[in-house]
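Novice: Using the sequences and the hints, build the whole thing.
Protein sequences, first through last, are from chains A and B. If you're matching positions, the first sequence starts at 1 in my numbering and goes up one per residue. If you're matching positions, the second sequence starts at 1 in my numbering and goes up one per residue.
These are calculated hints, taken from the structure and not from any lab test. The C-beta atom is built at its ideal place from N, Cα and C for all residues, glycine as well. Certain hints may be false.
Said to hold, decoys possible - Each computed SDA-like pair below joins lysine to any residue, with the alpha-carbon atoms no more than 25 Å apart:
{"id": "1", "chain 1": "B", "residue 1": "K102", "chain 2": "A", "residue 2": "D155"}
{"id": "2", "chain 1": "B", "residue 1": "K89", "chain 2": "B", "residue 2": "E133"}
{"id": "3", "chain 1": "A", "residue 1": "K106", "chain 2": "B", "residue 2": "Y64"}
{"id": "4", "chain 1": "A", "residue 1": "K11", "chain 2": "A", "residue 2": "I104"}
{"id": "5", "chain 1": "A", "residue 1": "K139", "chain 2": "A", "residue 2": "I103"}
{"id": "6", "chain 1": "A", "residue 1": "K98", "chain 2": "B", "residue 2": "Q74"}
{"id": "7", "chain 1": "A", "residue 1": "K98", "chain 2": "B", "residue 2": "N76"}
{"id": "8", "chain 1": "A", "residue 1": "K98", "chain 2": "B", "residue 2": "Y64"}
{"id": "9", "chain 1": "A", "residue 1": "K98", "chain 2": "B", "residue 2": "Y70"}
{"id": "10", "chain 1": "A", "residue 1": "K98", "chain 2": "A", "residue 2": "A50"}
{"id": "11", "chain 1": "A", "residue 1": "K139", "chain 2": "A", "residue 2": "L44"}
{"id": "12", "chain 1": "A", "residue 1": "K106", "chain 2": "B", "residue 2": "P68"}
{"id": "13", "chain 1": "A", "residue 1": "K154", "chain 2": "B", "residue 2": "T168"}
{"id": "14", "chain 1": "B", "residue 1": "K102", "chain 2": "A", "residue 2": "S33"}
{"id": "15", "chain 1": "A", "residue 1": "K154", "chain 2": "B", "residue 2": "P68"}
What the hints assert, rightly or not - For the chain A half of the interface with chain B, some residues (derived, Cβ under 8 Å), not all of them:
{"id": "16", "residue": "L115"}
{"id": "17", "residue": "A116"}
{"id": "18", "residue": "I132"}
{"id": "19", "residue": "D155"}
Here are the chains, one letter per residue:
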Amino acid sequence: MCLVALWLGWKFFHFLFPDDTTRIQRKLTRLESLVSYGPSTSPLAHLAAAGSILEMFDAKAEVNIRAEGRTWNLNGREEIKTAVLSSRQQEPQGLEVKITDPIIEKRDDGSIVSLATVTARIGSEREPMVRILEFHWHKGDRSQWLIARIVTRKDLEWGRNE
Amino acid sequence: MDTDNTNDSITDQEPGLPSPPSRPWWRRSAGNDPGRTWYRIICLATLTVVTFKLILLPIRITGYSMFPTYRDGQINYANRFSYVWSPPKRGDVVVIKTTGEKVTVLKRLLGLPGERVRMRNGKVYINGELQEETYIQQEGGWRSREIQLGPDEYWAIGDNRAISEYGTITSSRLVGKILF
Chain A
1 MCLVALWLGW KFFHFLFPDD TTRIQRKLTR LESLVSYGPS TSPLAHLAAA GSILEMFDAK
61 AEVNIRAEGR TWNLNGREEI KTAVLSSRQQ EPQGLEVKIT DPIIEKRDDG SIVSLATVTA
121 RIGSEREPMV RILEFHWHKG DRSQWLIARI VTRKDLEWGR NE
Chain B
1 MDTDNTNDSI TDQEPGLPSP PSRPWWRRSA GNDPGRTWYR IICLATLTVV TFKLILLPIR
61 ITGYSMFPTY RDGQINYANR FSYVWSPPKR GDVVVIKTTG EKVTVLKRLL GLPGERVRMR
121 NGKVYINGEL QEETYIQQEG GWRSREIQLG PDEYWAIGDN RAISEYGTIT SSRLVGKILF
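Specialist: Rendered as structure tokens:
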């Protein structure tokens, strides 16, 4: 009985004060839900989602993503916001994003690198895009983890030299 | 002609006899020999867990990168033990893990360790020799420079050359060979 109480207490403590790995996992889950949207999302909801996405990025964040023959090289929050809103306008049929199997590696107290498989499906298309993305996180002023950089690793070729 | 068949009924009870006591549901569901039933359930559960966690990885194919060999929505299994005793062979359709096994990629292995691989107009050349591939419908227009594979590297591509990605993978990322 005592052991169960201790275990529950330990779980509750970690729920309230998660370690950095858990924080990053939660952030990735939040990012997944913010980036996904349905076909009937209102323009106001798009704007709100874009605002929430931006809060997860550092002011000087960089995004270098290759997908569907296109490359996005974005620098800073403003460029990211413009890209998020314009892509939502171009693809009104909705986007479903899943971030799975994150590998989180703490480099030092102020930086973390996480790799994750990102699957994106536009509307009801059957051909999903699968990419391995590398997220670079750094601790902001209020001890919050912010995305400093996102780069693509080719799904078939990552990890060759690791 | 009317026949009286009420005496044929086997459920008839003699009046005055007490009905047998009803057993609780957990007793009734376990049959006449609950010990044996539980033993069977545990054996079946263990066998299922061992099969689907350690030996076979169930996969659902999404998309058309292996079309026409495999179609969207098909269910299949990756045999994790396929490369324990023998190395992968050319032409094997393999399941490749990404950063984990929740999302995997299905491709065909064409380049083996130590070989030179090149693509020209969608056709694959291994060590300068054109590969006969009867399973592809569209060759696509891929071109790539010749690459030399390392001692633990394989080169993989999907059968639907028009849309499939290709590249080099290490053996640590091979989950197993597709079952059928």
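Novice: Hint by hint, note whether the structure agrees.
Specialist: Outcome of the hint check:
no., hint, in the structure
1, K102(B) with D155(A), "holds (14 Å)"
2, K89(B) with E133(B), "holds (15 Å)"
3, K106(A) with Y64(B), "violated (37 Å)"
4, K11(A) with I104(A), "holds (21 Å)"
5, K139(A) with I103(A), "holds (18 Å)"
6, K98(A) with Q74(B), "holds (21 Å)"
7, K98(A) with N76(B), "holds (22 Å)"
8, K98(A) with Y64(B), "holds (19 Å)"
9, K98(A) with Y70(B), "holds (23 Å)"
10, K98(A) with A50(A), "holds (18 Å)"
11, K139(A) with L44(A), "violated (30 Å)"
12, K106(A) with P68(B), "violated (43 Å)"
13, K154(A) with T168(B), "holds (10 Å)"
14, K102(B) with S33(A), "holds (18 Å)"
15, K154(A) with P68(B), "holds (24 Å)"
16, L115, "holds (5 Å)"
17, A116, "holds (6 Å)"
18, I132, "holds (6 Å)"
19, D155, "holds (6 Å)"
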